[in-house]
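Peer 1: Each chain is listed here by its residues.
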Amino acid sequence: MSMVDEQLVKQLSKASDIETNIVNNPHIAHLFIHHHKVIGAHLIPGLKVDVKEMTDGIKVSMVVEKGSVIEKPVHLCFGMFPEKGIQKIIMSVNIEDGASISILAHCTFPNAVDVQHIMDAQINVGKNARYSYFERHIHGDLGGVKVYPTAVINLDEGAQFKTEFELLKGCVGLIDMNYETNCKARSIAEMNARINGRGDDVIAIRETGNLLGEYSRGVLTSRVALRDNAKADVYNKIKATAAYARGHVDCKEIIQDNGVAKATPIVEVNNPKAHVTHEASIGSVDSKQLQTLMSRGLSEDDAVELIIQGLLS
Amino acid sequence: MGILELRNVGLTIDGKRIIHDINMDVWEGHVHAIVGPNGAGKSTLASTIMGLEGYRNLEGNIFFKGEDITNLKIDERARKGITFGWQEPARYEGLLVKDFISAGSKNKNEKYIFDALSQVGLDPEDYLNRAVDKTLSGGERKKVELASIIAMDPSLIMLDEPDSGIDVETLEKMFEVIRQLKNKGTTIIFITHSLAVLRQADHAFLMCCGEIIEKGLAKKIIPYFENKCIPCPHKNVPDKKV
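Those sequence lines, one after another, are chains P and L. 0 is the number of the first residue of the first sequence in numbering that gives the first Met the number 0; add one for each residue after it. 0 is the number of the first residue of the second sequence in numbering that gives the first Met the number 0; add one for each residue after it.
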């Protein structure tokens with residue numbers, strides 16, 4: 000790994016809203032990557048991380064050892080301060096049988112004018128293991144970020160996987176995410192995306208849950224708000240091929256101004272004992288919600304803002 | 000002079016005359032009821048007073064505290080001191096009870112929000128951080144809505160069918176809150192077809208087919224409503240007078 004750059008870690012922490020006591024806490028693991036360099040890292044027993052820095056990217060291999068329970072959330076911080084550049088992260092995650100970890104990932108590009116953030120992840124969650132991944136993006140107001148996260152997640156029997164993708168601060172720019180989860184027997188996958196689009200933002204969400212094992216469960220949830228000229232295309236698919244598999248696809252998009260939204264919930268069931276449902280709605284802010292808040296004295300703009308904040312919270 | 004005055008107010012929606020030439024005086028610090036059978040135009044009248052979407056293309060004038068508010072928008076009327084409680088309150092995905100109440104509250108202090116919830120019989124510890132969504136029952140949402148109105152501290156509150164979807168115990172609690180609000184000088188208007196609610200009022204306006212056909216002390220209106228309106232087979236159809 001590279002030398003620790005305390006100054007850059009501080010700057011990235013501040014831009015990512017990470018409290019300094021988290022970075023200094025010996026019981027909390029963290030890994031800070033600026034562009035393709037590791038600038039700070041702290042590991043704890045049970046968690047192994049191997050990093051290979053390359054000229055055009057960085058490979059991160061993370062292993063949570065069999066039966067290890069990482070009590071406190073691990074902070075991963077990926078970011079770039081320069082206005083232009085490409086950050087490419089190739090990530091391999093193995094949560095071994097019976098292990099458990101929760102990760103808070105901060106992706107921060109405050110000054111981006113022309114930045115690409117490419118994440119290619121392969122994640123394996125072992126038998127009865129638990130993996131929770133909360134990814135928060137903080138972008139600047141210029142909308143100069145293109146985000147391409149791709150992940151294939153394999154859940155072994157009884158595994159639990161939960162992911163939340165949040166992009167609420169700053170302009171999205173362009174995001175094109177593509178996550179696919181394969182669920183063996185009794186495993187559970189929850190995938191949530193919450194994105195606030197404005198300006199000329201372009202948002203594409205593609206999430207797929209393959210319920211391959213008996214009693215597997217999958218829920219795909221997307222919440223998107225669009226203002227100005229922002230566009231979103233949400234494609235969520237659950238395919239159930241095993242008996243007693245249960246799935247649900249839930250997409251809600253609020254549009255305002257010249258926003259354009261598209262939602263395609265796909266459910267495919269190849270087993271008569273499986274059951275998958277879906278719901279999708281696209282529209283303006285609900286009139287009764289809006290008028291209730293206005294009848295308490297809020298202006299229309301403030302009422303809309305509060306409703307959207309709630310939806311994306 | 001009343002706190003709220005309606006002068007020759009009429010409303011036509013999609014070519015149908017829904018309310019006709021309404022004249023009303025609402026007295027400050029008193030409890031009023033706009034009463035009548037389903038379809039009489041009660042909720043339409045209240046929506047017109049609040050200035051809700053679709054109810055603003057009216058004839059006549061509405062005065063509040065002597066000021067003509069006919070052309071004001073909902074939020075502008077609210078900031079003057081008028082508010083409205085829906086028959087079925089809205090649900091908000093993700094919006095916390097404390098943020099919903101705080102949004103229109105005069106005092107943003109958490110203790111104030113806490114007190115508003117306590118007044119309607121909800122334990123703040125259990126409810127402050129819950130969302131105002133489908134996880135709350137209809138009765139709970141009514142209480143949360145009333146708490147938000149209490150926190151707003153308006154001069155005039157209109158409550159549309161306040162007994163709808165709530166149990167007797169909750170209704171009694173709501174009446175108790177109304178009495179407290181009245182005692183501090185707040186003006187209340189119930190929109191109702193319920194005798195139990197009508198009995199809480201000091202004054203009443205009896206509506207039928209979009210018109211006020213009788214008004215005065217509630218004790219005078221109650222027997223008329225009970226004996227003539229409730230058994231009446233006449234159906235309220237907009238545009239057709241009695």
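The hints are simulated quantities; they were obtained by calculation from the structure and are not laboratory data. Any given hint could be a false lead.
For lysine-lysine, the following DSSO-like pairs were computed, each having C-alpha atoms within a straight-line distance of at most 27 Å [stated by the list, open to error]:
1) Lys168/P to Lys107/L
2) Lys168/P to Lys97/L
3) Lys251/P to Lys105/L
4) Lys51/P to Lys71/P
5) Lys105/L to Lys287/P
6) Lys251/P to Lys107/L
7) Lys107/L to Lys161/P
8) Lys218/L to Lys287/P
9) Lys36/P to Lys58/P
10) Lys79/L to Lys287/P
11) Lys72/L to Lys287/P
12) Lys15/L to Lys287/P
13) Lys133/L to Lys287/P
Peer 1: Hint by hint, say whether it matches the structure.
Peer 2: Going down the list of hints, with the structure as the test:
1. Lys168/P to Lys107/L: With Cα atoms ~24 Å apart, Lys168/P and Lys107/L stay inside 27 Å; holds.
2. Lys168/P to Lys97/L: Measuring from Cα to Cα gives roughly 23 Å; hence the hint holds.
3. Lys251/P to Lys105/L: With a Cα-Cα distance of about 32 Å, the restraint between Lys251/P and Lys105/L is violated, given a limit of 27 Å.
4. Lys51/P to Lys71/P: 25 Å, holds
5. Lys105/L to Lys287/P: Holds: Lys105/L and Lys287/P sit about 22 Å apart, inside 27 Å.
6. Lys251/P to Lys107/L: 30 Å, violated
7. Lys107/L to Lys161/P: 35 Å, violated
8. Lys218/L to Lys287/P: Given that 27 Å is the threshold and the Cα spacing comes to 34 Å, the pair is violated.
9. Lys36/P to Lys58/P: This hinted pair holds, its Cα atoms lying about 10 Å apart.
10. Lys79/L to Lys287/P: 20 Å, holds
11. Lys72/L to Lys287/P: Satisfied, since the Cα-Cα distance of roughly 15 Å is no more than 27 Å.
12. Lys15/L to Lys287/P: 23 Å, holds
13. Lys133/L to Lys287/P: 15 Å, holds
Going through the hint list in order, the structure does not satisfy hints 3, 6, 7, 8.
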